[in-house]
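*Asks:* Each protein sequence line maps, in turn, to chains A and B.
In terms of the numbering used here, the first sequence has 400 at position 400, counting the first letter as 1, and numbering is strictly consecutive.
In terms of the numbering used here, the second sequence has 8 at position 8, counting the first letter as 1, and numbering is strictly consecutive.
Careful, some of the hints might be misleading.
To be verified - Here are the computed distance ranges between Cβ atoms for each label pair:
#1 Asp188(A) to Gly198(B): 57 to 63 Å
#2 Pro196(A) to Tyr60(B): 55 to 61 Å
#3 Val196(B) to Asp203(A): 37 to 43 Å
#4 Asn57(B) to Gly357(A): 45 to 51 Å
What the hints assert, rightly or not - Some chain B residues close to chain A (C-beta under 7 Å, calculated; not the full set):
#5 Leu16
#6 Asn61
#7 Asn64
#8 Ala71
#9 Tyr86
#10 Gly90
#11 Gln138
#12 Gly155
Quick caveat, the hints were computed from the structure, so don't treat them as lab data.
Yeah, the Cβ is synthetic: ideal placement off N, Cα and C, and Gly gets one too.
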Amino acid sequence: MIRKIISGNEAVALGVKLARVGVTGIYPITPQTTIIEKLAEMRAKGEIETEILRVESEHSAMAATFGAALGGVRAFTATASQGLLYMHEMVWWVAGSRVPVVMVVGTRAVGAPWNIWNEHTDFTSERDSGWIMAFASNPQEALDLTLQAFRISEDERVFLPMMVGMDGFILSHTKTNVLIPDQDQVDDFLPPRRQPYVIDPEDPIGMGNIFPPEGYMRLRESIDSALRNSEDVIKEIGREYNKKINPLGDYSTLNVSYKLEDADYAVVLMGAWAGDAMEAVDTLREKGIKIGMLRIRYLRPWSEKEIRSALKDKKAVLALDRSTSFGRGGGPLYVEIKSTISDVVPQIKGVVSGLGGVTVNKSDLVYIFNKFVEGLKDDVIWYYPKEVGKIELRTPRDIE
Amino acid sequence: MSLGLREILNKHNGILSGTSACPGCPENMAMRMLGMGLGKDVVLVVVAGCSSVIQGNAPYNAYNFPTVNVAFAAGPATAAGLARAYKQRGKNATVVVWAGDGGSADIGFASLSGAAERNDNILYLTVDNEAYMNSGGQRSGSTPFGAITTTTPEGKKENKKNLPLLMIAHNVPYVATASVGYPHDYIEKLKRAKQVEGFRYVHVLTPDPYGWLFDPSKTAEVAKLAVQTCYWPLFEYYNGKLNISPESLHCLDKRTRRPVRDFLSIQGRFKRLTEDQIKILEQYIDSVWEKLKSMLDNQ
């Protein structure tokens, strides 16, 4: 095990190497491009045996990865934004086929208009596709979750594809200290690939032809129950990961709590801004405000049990979304949180911010959390930081 | 079919009883011949189209090959992924993409072109019934000029997209055209394609009784007429050389071509063609043969 200062993208590429991936379907799109470039470079140097399929589109990237997975090898791809939207059809196809595949999404805004900066909407828009969906909050977690993703998706109790999100640029391109496990450790953690069926030339099975209505519906139900039942598997594998690979990480739960136990107020969010949010929580705590944070690490499965037990006795909960769910008011986390705890928590508010690379720093979060504790009039607010105040449409300041 | 074909058929029957194909279905014929040509160690990737339906409803499947069904534009890349996985596992397999003209010429063209450019080790088969027949016979890029389809009730105004020539332009190791009216020729080409390493393209004309509007008993006859009237050239492009197949050699000389009317008049989809429009179609056929002849002259 060694420590290195590397970016989120490098961490993921190392994860793919350590997982001994058989085939990678690659197509560039910012901000994940350096993942696939790193893989191509490692292949050229002979450091990995992964076959690199340099395809002509993201639709084909997912199709190639799917084909390789059906052919019986570990398969990986990475994408973002328009790329994820372009492969959307195949994202669903892979889940419907119950074939283990791992994908990393360097999250980014979705057009139009063009914007290449960070946001979570590309990732969250796949939340109904049948994939297991984890979201990292730092490069270390991006590596850890990538390695766990192979193990989880190839577990016979799951057999579903898994995607790992990480904030574009904020994580993908920022270098931090990362603990990189040795190959032996990973080999001990990650057994040879298992999958529900392999398409082999000598075995004439058919996959994906027309299913009559009831059979089709039963298959859909099996995906839903596999996803919901994956919760225990994820925790079990997480505990093993803590033990065998990263003793400093805590993967024994799906989601991560910070100072929640005695809190009256709770903030729920996902991704890299959790770091700033923890500092903002500390600032409010210094002033005697009992506030805590719940970081959603797994958007799917959505752990109703964990989330309810973490938030059930709070006076108010604020869901902070870096993505949109147009027409619903608030983002996907707000909608999910509302549906999970509205019977036990009297006040649930939502803030949408950080879209298209809008920078939300610690002082913004302190401001938002303070306003939330004081009591927000509107259920959902779109927050614009001071720096972009000139184009500000509506902020908590206007509510006064 | 001749006795010779029956012998090949016994080796590997690629299609079992109980398909959902329409009577007179040319794709069923093309699939049966695929088994005769390629034998075993074949993995089939079926792109959305008639053949997604013909194989029947799960849990049964009438295709006697390992079969992966995929979305429209996903065939070539899925097959490339499979081929790479077999390479890694040291398995011997011919991975075949089976796609209609819509899946090849239109919605899937970028992925077809990508796989050809990469020289992925797959065999790509276009079964061309010259329209989106599975959704009820709408115009495709491969529909010929003048043909009535459900989205061109007045007759198509543009010429057929020439996929085989486009694939030759991709500089791939093997390109061939075939017709279900000439099984020997088609099967021979499949056998040859199987021996080639890299990207192989076979385009087989499959006249559809319901879209082309002819009696289902006449599928083979129409498929023959397409070749005899030189509407559908049979050739093979291999080792950088073009070879006109024996069935089409007479087309090189315009005087020995059978009149295209013999092909048009047996179908309902051309019934609105005027004399002037038939001339446009004849000019298209001429232009294709001129291109082929200039390729022959320059090699």
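*Asks:* Now look at each hint and say whether the structure bears it out.
*Replies:* Verification of the hints:
Restraint check, Asp188(A) to Gly198(B): a C-beta distance of roughly 40 Å breaks the suggested window 57 to 63 Å. In this structure the supplied range 55 to 61 Å is violated for Pro196(A) paired with Tyr60(B), their Cβ-Cβ distance being about 19 Å. Range check, Val196(B) to Asp203(A): Cβ separation about 25 Å, and the 37 to 43 Å hint is violated. A beta carbon spacing of about 49 Å between Asn57(B) and Gly357(A) agrees with the range 45 to 51 Å that was offered as a hint.
This hint is violated: Leu16(B) has a C-beta 9 Å from the nearest C-beta of chain A, more than the 7 Å allowed. A distance limit of 7 Å between C-beta atoms decides the matter here; for Asn61(B) the minimum to chain A is near 3 Å, and the interface restraint holds. Proximity of Asn64(B) to chain A holds as hinted, the smallest CB-CB distance being about 6 Å (cut-off 7 Å). Checking Ala71(B) against chain A by beta carbon gives a least distance of about 5 Å; that is within 7 Å, so the hint holds.
For Tyr86(B), the suggested interface contact is upheld, since its CB lies about 6 Å from the closest CB of chain A, less than 7 Å. A hinted interface residue such as Gly90(B) counts as satisfied when its beta carbon comes closer than 7 Å to some beta carbon of chain A; here the least separation is about 11 Å, so the hint is violated. For Gln138(B), the interface hint is violated, since its Cβ never comes within 7 Å of a Cβ in chain A; the closest pair sits about 20 Å apart. For Gly155(B), the suggested interface contact is broken, since its CB lies about 33 Å from the closest CB of chain A, more than 7 Å.
The structure fails hints 1, 2, 3, 5, 10, 11 and 12 (numbered hints given earlier, in ascending order).
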